[in-house]
Every structure is written in structure tokens, then in C-alpha cells.
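Student: Those protein sequences? They're chains A and B, same order as listed. Just so you know, we're using this note's numbering here: the first sequence kicks off at 1 and counts up by one. Just so you know, we're using this note's numbering here: the second sequence kicks off at 1 and counts up by one.
Incorrect hints may appear among the rest.
[As the list claims (entries may be wrong)] Lysine-lysine pairs mimicking DSSO-like chemistry, simulated, CA-CA at most 30 Å apart: (1) K215/B - K35/A; (2) K215/B - K85/A; (3) K215/B - K55/A; (4) K53/A - K99/B; (5) K221/A - K5/A; (6) K195/B - K97/A; (7) K11/A - K161/A; (8) K228/A - K85/A; (9) K85/A - K209/B; (10) K99/B - K332/A; (11) K196/B - K97/A; (12) K200/A - K228/A; (13) K317/A - K215/B; (14) K99/B - K317/A; (15) K367/A - K215/B; (16) K99/B - K209/B; (17) K249/B - K35/A; (18) K342/A - K249/B; (19) K218/B - K342/A; (20) K53/A - K209/B; (21) K448/A - K20/A; (22) K317/A - K249/B; (23) K332/A - K404/A; (24) K249/B - K97/A; (25) K342/A - K209/B; (26) K249/B - K85/A; (27) K55/A - K209/B; (28) K332/A - K215/B; (29) K97/A - K121/A; (30) K249/B - K332/A.
The set of hints was computed from the structure by calculation and includes no laboratory data.
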Amino acid sequence: MSEYKLLTFPKGGVHPPENKLTADLAIERFPLPSKVYIHLQQHIGVPAQILVKPKDRVRTGQLLAQAQGFVSANIHSSVTGTVFKIDEIYDASGYRKTAIVITPEPEDEWVEGIDTSDDLKADIGQFSSQEIIQKVKDAGIVGMGGATFPTHVKLSIPDGKKCDILIINGVECEPYLTSDHRLMLEKTEEILVGTRLLMKALNVDRAVIGIEANKPDAIGKMTEAAKKYEGITVQALKVKYPQGGEKQLIKAITGREVPSGGLPIDIGAVVQNVGTTFAVYEAVMKNKPLIERIVTITGKDLDHRGNFRVRIGTMVKDIIDYVGGLPEGTGKVVLGGPMMGKATKTLEVPVGKGTSGILLMRREETKRKKVLPCIHCARCVTACPQGLEPYLIMSLAERGIWDKAEEAHAQDCIMCGSCSYVCPSNRPLQDYTQFARNTVMSIMRARKKK
Amino acid sequence: MNPIIIAVVVLAIVGIVAGLILYYVAEKFKVEEDPRIDQVEEVLPGANCGGCGYPGCRQFAEALTRTDTLEGYFCPVGGNDVMARVAEILGLEAVEKEKQLAVVRCAGSYEFRPVTNEYDGPANCAMEHALYSGHTECQYGCLGHGDCVAACEFDAIYMDPVTNLPVVVEEKCTACGACVEACPRDIIELRPVGKKSRRVYVACVNEDKGGLTAKACKVGCIGCGNCEKACEFDAITIENNLSYIDPAKCRLCRACAPVCPTESIWELNFPVRRAIPSNKVKPKKKPTA
């Protein structure tokens, strides 16, 4: 049996403490907040074009903003209520972006055609590949692991490329986060139906669900259930961060390597997160657009931790108040996991499609230590899963030597933070490599345009 | 024969042969260079600051000798004097340009712009701007790590330790534009020096709505439009909740500064304003902040 042989990616990686404090807590439904704030851009690409105006009454699941162009996503109302105003609201990046503010009514009135029951619908025979992609596009589904890349773009395979394997990412290698884990335990069949739908959309006959070995219950349950579904296997993976990185996961499962500057489709693979897969199931089988997601709220000092099914646009502040308020000594509130997540500037940030967790960290945990000179121990080089030299990229970025940074492949950084994690001199390697990556990528884009 | 003589003779022959080869090669592969390049380079300041848009003075000199007109070519460090001499060497017509200076369009010191967040990442404006949005509520204002100071080749800008804002030293600033490039928030602007070095400008770049700006900073431009109404020369425009004074149209009358409720219009190097007789003051709303 393949699940007893644990696979992993060969280069680099680190082992941060797992701290999966909420792994045993079942998903709860979060009550409707007093206001929801829905950003027009919750995805990579062009912001959606707004369709409503203040004082309009909207229903749950109604289209609020239309996707602009191919790489963009629809935005739907997550509540029934009236549009209060259209305002500039902070998003996870720390900058203010346009958002639609809605005052919800206590009762949901769903747009007709949406099936809100929890019954399993497994008959996928009626849908063609094109129909599935169109439904995914209409539902505004984006990659829910955190990257928020529009899913329909990933499913539309460009001419001349061929996909032969679908990988479902159930790794959840970030410490603390358990939203995908809980989803796999509670919505096992739904995820498998979603996987079948994605296989049909991509026209592949093989799908592998990758799960890290620290979730034996999920591996067991998924493996058992997958026996009924043709072409789907579950693969257990060694616990190592960043196993859930797209490129690392493909390497671990298929042994293929995504070329520098390339996409997974170049080597015939497509990766989708389990959260996305569940959203695809709901969109296709139940006509339900992406209006809620599972968010893990956790922290060592928090009494009421949990995994909540939260409507998109709920303020982080409301969620923290619901679980008992900010504990004393909280230093940072991180959206996402501790390795790749971003500390928020204020608590008045709404949950977006890519917010997988809210992590409250103690002040002493988050305090940066004194930066010492590089001792050239090369631990960052050993830890880098992409095989880069973070110390070199950092020193190039400090001096602004972007052509050399490009030669050092700064653009291939996946921003996992392993380099900063292992540095004995506490150097801000990840900050600089991320900065170098963004700068080099924009230089490359500008050159391509010319 | 004496070995010493042999050595001398052999060396002499080798020397003559090598000399002939070198002479032949030098003649054969001679690079014809415009002698004016050296002359022009001689005149240029030699700071290699890049203010002209070329990597250094030599490259700028080369570009100058190739062009037919001096339109679009300017050495901000040398100014009109240097360009006039360059024009003389090249036999072209000099293009006069008004002398400029860098101004810092942010007045949000600690006193006026409270710090809301702790930022303990790399002390570098470009980094803080790209990865985080700053440690104050204002997402447009100065980050105070001094990227502009590091970029200045002329020691013409320094960080004021009290306000934590950059200050331009007028005598040293050459308007090369290095700080303008370096600032990730586009706060620094090159503006004409003006008569007697007098300048009026809006010391704010915040494009948020008035309420948000006022919440973030006491001296931010809230886009109220008072200055636009006060200006008799159409020099002031309000765009994206931000006022901008066009230096080409501004006559330095200073009508705009007193009507600004947040005192975000700065007037530099003017004599102290005398109190206006009360019968000449137009009735207006009480300033809010």
C-alpha cells in the first residue's frame, strides 16, 4: 500500500513546532455579523467591476461585482441585507481598498437555484468539462490555500499543454492551521466528489490527494472513502514545511520539477487545495457561490479556539470578540499561518477568500531578535526548498543589484520563510528575498512588455 | 662575446620589434573618438550622480556630442552655466531651465501623526513600503528610515531627529533627483527654486478622504478646497482629495496658506507675515483643527 511509504520533497525544508491546537474541534457556524465588508479584489488579478449601489437590497449569493477580464473573479454577497456604503477598507495587505459594506438582515434569503441543504449530491454525469469550468468561474472560486489565484484560469489548460495528473493539496503544512484538516474529516465525500469534478474538467483519469502524516485520522478517512471513487488515491507525506507549496507537493508526489519561471501545467500537473475542491463541489452540485470559508482562530492564550465557517466579509474584530476578546499580551494578529501569514495593521480587516486562519501570537513570540552579521554558515541554503541562496539574494537586495538577483533566481522564491526560520543571526532573509522576488518579477514583466 | 652585450642587443631587438608591432596595431585599429567628448566632460561637474538620466558624466558627454539639439538634455548639478558652456563647445543653442530644488511633501512628525503600529522589520523605507504599509495610520506619508538620505550624493538631505522627517539643505541640493527616485512613497518633488528662493507648496501627499486623513495626521491635506477658492491664478487643483500647487502658475501671493485649516501649505523663505487688519479679513468658518 502506497500510504505507508511517506513521500517528501528532496531539497531543504524545516520542522517548526506544529501547534495544531484546534485539530479536534469540529467546524462551527459563525453567527451573522452586524456588518460585512466585501472587497472587490480578493484574488490575484484585476479587481471586479461593481454592480450595486448604496441602499440596494441584496440577497445571499447575489452577484455584487463582475470579474474584469480573464484573470479576475466574481464577488457575491455573503448575506441578505442592504448595501450601506461603498468605502475604502483595510485589507490583509495593510492598504485600503474599495469594499462594499452591507448591513445584514437576521434571516438569509438565498438567490433561487441555490441548494442550501447539507445532503450529498454525487451524480456528476450530467456536467461536461466546459460546464464545470463555467460554473467555477461564475461562483468566483479562487485558490483557498492563501494564494487566491482564480481557479477557472488554472482549469483552462492552454493550447499545446497537456495535464495528466490532478493533485489535491490536503497537506496544511503551516503550523496552527487546521481548517483543511477539519474539512477533510467532516466533508470527506464532498471533497471526493469535488475531486471527480475537477478531474472531469481537466480531462484526467488520475488524482492524488496529498496529506501530511500528522493527520492520520484524515488519511484514514479519506483513504477509506476514496475506494469508491475511480482514479483517486490518497498519498501520505512526511511532515516537513513547506510540503504544501505547490512546487514542493508536485515534486514529492510525481518526482517532476516545475522549471524556473514555469507553471505546474508545463509538467502536466494541476494542484488544487481541499478547500477549493469543496468550494468547486458546492458551486457545481449546489449552485452555491463562494460566500463562506473555514477559518481557524487560534492562539496559545485563547480560551475559545476553533474552526469556524465564516461568511466572507466578517471583520476579524467581530470574530475575536466572539471568542472572548484579545488576550492580554498579544503582540501580533496574523492572517494565515505563522510562517507565511501577514500581521494585520488593525483588527478592522475583513475575512477574504484567502484568509485561512487568524492567529493571535504572544508579544514575546513575535518580537524580532537583534540582527547580527551573516556568518556564512549556509543554513539558509540548506533550508531553502527551492535551492536558492537566500543570504546572497538578501545582500544583493540590500544593495539594489537586481540583475544579479535575477541571476541568483530571486524570482523563484516561494516566500515560505524557511530561511529566516533557521538563521542563527536572526537576519530578515525572508523579507529581503520577498522584496527581491517582487522587484525582479516586476522588472521581468516590464522587459517582456517591451 | 661578452654575455652582457648579447643580452643588451637581444633585448634592444625585441623591444624594437615589439614597438613596431604595437605601432602598427595602434594605427590599424585606431578608434576615432569625437575630441569634443573630452572637452564636454571637462566642463561637466564630474559627480556621476545620474541626475541627467545617464550612468555618469562621460556617458552624458557622449550623448551630448551625438545630438543635434540640447532640448531634453540637462545637467541639474551644473545648471544653466554648465549647459551654456557645453552649448558653446558643441556650437548648439543652449536651453535655459529654471533651477529646481527638492521639497519634502510630508509634515507628519511624531507630534502630528501618531504611531499606531510597531514596525520592527528591516529599517529601510522601500522594504516597509513593499511588505507592510507603514507604522502610522497614514498610508502615504514618510516612513522615516532615510532611503533618500542614503541616495543623496551631495549630503544635501538629512533626517531631523526630532520630527523624523527628511530636511533638504537648500545650498547643497543640486536637484539631481536621486532622492525622488529612492522614495517609495513619492513624497519628494523637484520644484523650481522661485524668486529669492521663495516657495509655496502643499506638504502632504495623502489621497484618502478628508476624514481618514484627519484621523491619521493633524497636518494632512483633507482636500477641503479652501486654497483652491483663495487662489486667484488657478494654480491650485484638488484631485483625489489632495491639493496641488502648480509652480508654473503660482505667483507666490500666499493667499492660500492662511485659509488652510490643517496648515498643510508651507511657505518657505518669506518674511514674517504681518497681522492683517481685521476689516480686510473675509469672514470664514472657524478652522477645525
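Student: Hint by hint, note whether the structure agrees.
Tutor: Hints, one by one, checked against the model:
1. K215/B - K35/A: Roughly 22 Å separates the two Cα atoms, so the pair holds.
2. K215/B - K85/A: Holds, at roughly 19 Å.
3. K215/B - K55/A: With Cα atoms ~27 Å apart, K215/B and K55/A stay inside 30 Å; holds.
4. K53/A - K99/B: violated, 49 Å
5. K221/A - K5/A: Status holds; Cα separation ~18 Å.
6. K195/B - K97/A: violated, 42 Å
7. K11/A - K161/A: Between K11/A and K161/A the Cα gap is close to 27 Å, so the pair holds against 30 Å.
8. K228/A - K85/A: Not satisfied, since the Cα-Cα distance of roughly 49 Å exceeds 30 Å.
9. K85/A - K209/B: holds, 14 Å
10. K99/B - K332/A: violated, 48 Å
11. K196/B - K97/A: It is violated: about 43 Å lies between the C-alpha atoms, which goes past 30 Å.
12. K200/A - K228/A: Distance ~16 Å between K200/A and K228/A Cα, so the pair holds.
13. K317/A - K215/B: Holds, because 20 Å separates the two Cα atoms, which is no more than 30 Å.
14. K99/B - K317/A: violated, 52 Å
15. K367/A - K215/B: Holds, at about 28 Å.
16. K99/B - K209/B: violated, 34 Å
17. K249/B - K35/A: Violated, because 47 Å separates the two Cα atoms, which is more than 30 Å.
18. K342/A - K249/B: Violated, because 45 Å separates the two Cα atoms, which is more than 30 Å.
19. K218/B - K342/A: holds, 29 Å
20. K53/A - K209/B: Holds: K53/A and K209/B sit about 19 Å apart, inside 30 Å.
21. K448/A - K20/A: Given pair K448/A, K20/A is violated - Cα atoms ~43 Å apart, limit 30 Å.
22. K317/A - K249/B: Distance of about 48 Å is beyond 30 Å: violated.
23. K332/A - K404/A: violated, 35 Å
24. K249/B - K97/A: Since the Cα atoms of K249/B and K97/A sit roughly 34 Å apart, the hinted pair is violated (cutoff 30 Å).
25. K342/A - K209/B: holds, 26 Å
26. K249/B - K85/A: violated, 38 Å
27. K55/A - K209/B: holds, 21 Å
28. K332/A - K215/B: Roughly 23 Å between the alpha carbons, so the hint for K332/A and K215/B holds.
29. K97/A - K121/A: Not OK: K97/A and K121/A at ~38 Å, beyond 30 Å, violated.
30. K249/B - K332/A: Measuring from Cα to Cα gives roughly 48 Å; hence the hint is violated.
When held up to the earlier numbered hints, the structure conflicts with 4, 6, 8, 10, 11, 14, 16, 17, 18, 21, 22, 23, 24, 26, 29 and 30 and fits the remainder.
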